[in-house]
Amino acid sequence: MPDSGSSRRRALKAMLTVAVLAVIAPFTNLVRFFYREDTGSAPRQRIANTSELKPGSSLFFSYPRTGDPKIDGDPFRQWILIMTRDGKLRAYSRVCVHLWCLPIYVPERGELICPCHGSIYKEEDGVAIAGPAAFQPYPTNALPMMSIEVDEKGDIYATGVVDGRVGLGREWKLRSPDTNLKRV
Amino acid sequence: MSAPRYKTFREAVDALIKWTVERLERTPFAAFKFTFPKQYISPYGYLGTLTTIVFLVLGLSGAILMFYYTPSVDLAYASVKEIEESVPFGFVMRQVHYHASNFMVLLAVFHLYYQYFSGRYKIKNEVLWVTGIILGILTVLEAYTGYNLILNQRAMLAINIGMGLTFAAPVLGPSVAPILMGGGYFDLIVRFYALHVFIIPLLMLLLLTVHIPRALIIDLPMIVGVIGAIFVVGGMFPAEIGIRFDPSKGLVEVPEWYLTSIYAFLRTGSERFWAGALLPLLFAIFFLIVPFVDKSKKLSWRDRPFFTAMGIASILMIVVTTVWGFYVDFSQRNVFDQLYIEPIIYYSSFGLMTWACFFVTYRYLIKPRGKPTPAKPVVLSPASGAVAVAVTLAMVIAFGYLALMTYAQDLPNVSMFNMGMALILFGLMLHFYRHTSLTAAKPR
Numbered sequence: 001m002p003d004s005g006s007s008r009r010r011a012l013k014a015m016l017t018v019a020v021l022a023v024i025a026p027f028t029n030l031v032r033f034f035y036r037e038d039t040g041s042a043p044r045q046r047i048a049n050t051s052e053l054k055p056g057s058s059l060f061f062s063y064p065r066t067g068d069p070k071i072d073g074d075p076f077r078q079w080i081l082i083m084t085r086d087g088k089l090r091a092y093s094r095v096c097v098h099l100w101c102l103p104i105y106v107p108e109r110g111e112l113i114c115p116c117h118g119s120i121y122k123e124e125d126g127v128a129i130a131g132p133a134a135f136q137p138y139p140t141n142a143l144p145m146m147s148i149e150v151d152e153k154g155d156i157y158a159t160g161v162v163d164g165r166v167g168l169g170r171e172w173k174l175r176s177p178d179t180n181l182k183r184v
Numbered sequence: 185m186s187a188p189r190y191k192t193f194r195e196a197v198d199a200l201i202k203w204t205v206e207r208l209e210r211t212p213f214a215a216f217k218f219t220f221p222k223q224y225i226s227p228y229g230y231l232g233t234l235t236t237i238v239f240l241v242l243g244l245s246g247a248i249l250m251f252y253y254t255p256s257v258d259l260a261y262a263s264v265k266e267i268e269e270s271v272p273f274g275f276v277m278r279q280v281h282y283h284a285s286n287f288m289v290l291l292a293v294f295h296l297y298y299q300y301f302s303g304r305y306k307i308k309n310e311v312l313w314v315t316g317i318i319l320g321i322l323t324v325l326e327a328y329t330g331y332n333l334i335l336n337q338r339a340m341l342a343i344n345i346g347m348g349l350t351f352a353a354p355v356l357g358p359s360v361a362p363i364l365m366g367g368g369y370f371d372l373i374v375r376f377y378a379l380h381v382f383i384i385p386l387l388m389l390l391l392l393t394v395h396i397p398r399a400l401i402i403d404l405p406m407i408v409g410v411i412g413a414i415f416v417v418g419g420m421f422p423a424e425i426g427i428r429f430d431p432s433k434g435l436v437e438v439p440e441w442y443l444t445s446i447y448a449f450l451r452t453g454s455e456r457f458w459a460g461a462l463l464p465l466l467f468a469i470f471f472l473i474v475p476f477v478d479k480s481k482k483l484s485w486r487d488r489p490f491f492t493a494m495g496i497a498s499i500l501m502i503v504v505t506t507v508w509g510f511y512v513d514f515s516q517r518n519v520f521d522q523l524y525i526e527p528i529i530y531y532s533s534f535g536l537m538t539w540a541c542f543f544v545t546y547r548y549l550i551k552p553r554g555k556p557t558p559a560k561p562v563v564l565s566p567a568s569g570a571v572a573v574a575v576t577l578a579m580v581i582a583f584g585y586l587a588l589m590t591y592a593q594d595l596p597n598v599s600m601f602n603m604g605m606a607l608i609l610f611g612l613m614l615h616f617y618r619h620t621s622l623t624a625a626k627p628r
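Chains as they are written, first to last, in my numbering: chain P, 1 to 184; chain L, 185 to 628.
Bound-form chain L, shown alone:
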């Protein structure tokens, strides 16, 4: 049998791709239906894919950070400082890892609420929904164990609160907490490290195999744009390392933004497990049971005013408690009074917010409206499309050059910003490219 001969290189490549795709049909990949959209579609529908992509970015950047990070009580802070200040490109890698974690939490929350308001937890999606809620909780736990590894003041505040809450849990607390704690902080840091880099991500990947739907939209321009946005935000607002933790010094610090809501509950001075774990857990339980309570056949949020009102109320509560958790009253003299939140005002505000949301929803939001006019898609002619591709290409090159130059000038944050701009513009260029190749192919 003679080897097949191909006339051109292109033919050989096509044959190779065909050969590979045919063999991939024997793998689980065949179960998925990947769609690469040929034109712009709303990202709301594939926020889950974007969350997964950011999860992969976190996995990559985190794996690289493991080369330098040392999970040891006396060396952890110094090793993060080394990554940030003296390891070449370490600044960028750490900022990407940090800001990608914020993006992932945010995207997961947006994903949750889009699916919630459009009633996607129905139509046989209950398993997807419940695994999604668990994945959301795991995402926050992953972020929590991650920022604790720095062992700065913010980390220690979070560790102490988290361990205190675990200890205070009825029945199980005193036997579960030592599993995380070991013999002291020197054990705790290693255990949190194991949780952060292996155990929780592994659980998330396993849950992801159940959570992922078979039809997947891979929108390359948007994916590149989101990764670019991480770089831009990282360059504009670089996360600080903070002050190295010293238990014999004062500690005025607030947790990361996705935990300040729980922090606000704790600052009311109520019993800590009740305030810091059980009440926030009600949120999670509400979302866990919602597909089993909302049995109506209606999908649109307009037709489900009760759940729409509950959803809006939960968003409002998250926003209000998160902002309240950041608020420190510096007019008070001692730290305890600065942080104290009056529980009567705090808890009664929930009743007020819920009432307001129900009022607004039933009074204004669910009113039937006229048919929405579909937005006219913007169509570029092939010529102007080509110009758009050329212009964005020039800007990508310019920002890439700027990024290289600013890095050489020892301005890693400016360089990171420029890298992000180059990525975003590259995403835009990809979009113009597919748009133009579509309009150019269409007969007039």
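Chain P extracted, bound-state conformation:
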């Protein structure tokens, strides 16, 4: 009976296919091996007290902090907390979205200036207004923002990246930097 023979072969082949798929399936998790996944992705971390800052000043902090100087010193964990000249608090990634140098805050001009190719970011919202970073299209021309909380004692806490990816820029949404600051 040639008919039943061929259907038996087809059934065997189907079983083999299913078996191969079942064996391969668990290995798809291998992909995750290549990514370093941060477990507690947004820890609440104390940065400073408002009394340590005056209008037109800044300080650097690393986030998320691990205690290992090699990891904490990584540029991709470098953030800058700014008290703007009119007293607003802002926290941006320090990694320039052009070529990943670390801009510094220049209070006289109210701007963050990158030492490498001279990209200039506004203190107000971290958007590039000059230099090569300003040439990049919108979501990639702005420094990622950190959401911060200030409690009644004046302690400032970093509570996670709200907008964008370090070194890349922001996501496709317009957001006022003021909404990232909570007073608790």
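If you're looking for bench data, these hints aren't it; they were derived computationally from the structure.
The reader is advised that the hints may include incorrect statements.
[To be verified] Now the stretches of chain L that chain P is said to cover, found in silico as 3 or more residues with beta-carbon under 8 Å: (1) 254-263; (2) 367-375.
[As the list claims (entries may be wrong)] Label-pair restraints from in silico Cβ distances: (3) L:479 / P:33: 42 to 52 Å; (4) L:311 / P:21: 50 to 60 Å; (5) P:129 / L:387: 21 to 31 Å; (6) P:150 / L:325: 39 to 49 Å; (7) P:35 / L:547: 49 to 59 Å; (8) P:113 / L:514: 14 to 24 Å; (9) P:113 / L:548: 46 to 56 Å; (10) P:129 / L:325: 35 to 45 Å; (11) L:325 / P:182: 42 to 52 Å; (12) P:113 / L:269: 56 to 66 Å.
[Claimed, not checked] Far from chain P by the CB rule (all over 12 Å, computed), these chain L residues: (13) 245; (14) 593; (15) 594.
Where is the CB? At the ideal position from N, CA and C, for every residue including glycine.
Following the hints, complete the assembly by docking chain L onto the known chain P.
What follows is chain L alone, placed relative to chain P:
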């Protein structure tokens, strides 16, 4: 059964060699046909073998460098500095590794163009050709991951541009880039190290097994000469370690020469993935598809004017973009203006270059010429051949002695130069040796 007895030592050695060769016939080695030329032949035909030899030199010197190099963000630069300055012979090993990488890229490019202009991608060589193009790209990636391991300013410029380009790739970019990057630079350096010392070389070796033709020419004098040339260039132009990278300081640096062409594209200020990856990729795609487009039976470049013109245009573009990538306009005040390349001038120059190449090729190059007169080979008499061997031998000894002396005097670069000269002269001596043994054996 009694053990075979040999009358002389020579007989025993011959028997051993015969025994080994017979047994090697059971191995894949039997598939290869090795030719050790008995006289000078043009190296254009075996540039691929020379590239492979330089690849082996890189493997050896790189493996030795691994003994001291530390793939760690805070220690990498210092460990390279240690190799360069305080490890005995470390200077020579690092310079050999660096300059061999340049030689390998250069030889691969020469190999590509010789095979291209002589139409070798036809005659059932398509698989060899395509694997060759992929090997070429892997060679540049290998060199790229290598010089990034120093973590100096030049390395960081390259890492930042490379990662930025990967990130900017549509669809795949944001998920591929973190695979290279990990959690930050402290992961990146280890991953680049793994790529450089294991993953990419392994891929290259695997591709090499497909790329390698069965008939191989092993020209010992030329191989020794090329290795000597690496030493000479390394001694004359030692590569510097550069300034340790500090992201909070300014960065004025150009990449290695095989990447400045891509750097020039990026400096036009166009969208970076489009300028820095897609346009240069057109070059690779052109070479990948050329055997499937050029279907004519003709092999010589004279009979294929279109592809000859395209080949010359691609060489011209590589040269022009490479030089342009190095050019920095220091009359400008800020860094961005110093590096900016006007895109209209830049891109229109490609049209001009292509037009010029087609014009020159069709107007002047493909004109039929008279039969080329074969060059008369230089033949030395056995006596003068013996003198040549003796003279080169004396020079090899002299340079070897000088190399030892200059190393003892703490002049590693001069010593390296002398080592290279000794090697080149040794290659020359090998050539005179085979030439003389050939002429001496010939009946008058």
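Given as non-interface: residue 593 (chain L), which should sit over 12 Å from chain P by C-beta:
Residue 593 (chain L) is indeed farther than 12 Å from all Cβ atoms of chain P, at 40 Å.
Using C-beta distances, would you say chain P covers the region 254-263 of chain L, given that this needs three or more residues below 8 Å?
Result for this restraint: holds, n = 3.
Consistency of beta-carbon spacing, residue 33 (chain P) to residue 479 (chain L), with hint 42 to 52 Å
The hinted range 42 to 52 Å holds for residue 479 (chain L) and residue 33 (chain P), with Cβ atoms some 45 Å apart.
Range hint compliance [Cβ, residue 35 (chain P) to residue 547 (chain L), 49 to 59 Å]
Since residue 35 (chain P) and residue 547 (chain L) have Cβ atoms about 57 Å apart, the given range 49 to 59 Å holds.
Kindly confirm whether 50 to 60 Å is satisfied by the beta carbon distance between residue 311 (chain L) and residue 21 (chain P).
Violated, at about 31 Å.
Reported absence of residue 245 (chain L) from the contact zone with chain P (all CB gaps over 12 Å)
Given a closest Cβ separation of 29 Å, the condition holds.
Is the hinted range of 46 to 56 Å satisfied by the C-beta distance from residue 113 (chain P) to residue 548 (chain L)?
Since the Cβ atoms of residue 113 (chain P) and residue 548 (chain L) sit about 54 Å apart, the hinted range of 46 to 56 Å holds.
56 to 66 Å was suggested as the range; check whether the CB atoms of residue 113 (chain P) and residue 269 (chain L) agree with it.
Given range 56 to 66 Å: violated, Cβ gap about 35 Å.
Pairwise beta carbon distance, residue 113 (chain P) to residue 514 (chain L), judged against the given window 14 to 24 Å:
21 Å, holds
So the hint says 42 to 52 Å: do the beta-carbon atoms of residue 325 (chain L) and residue 182 (chain P) match that?
Roughly 46 Å apart at Cβ, these two residues keep to the hinted range, so it holds.
A range of 39 to 49 Å was offered for this pair. Does it hold for the Cβ distance of residue 150 (chain P) and residue 325 (chain L)?
48 Å, holds
Between the region 367-375 of chain L and chain P, see if three or more residues pass the 8 Å beta-carbon test, and mark the coverage as holds or violated.
n = 5 at 8 Å, threshold three: holds.
Violated hints for the displayed structure, listed by number in ascending order: 4, 5 and 12.
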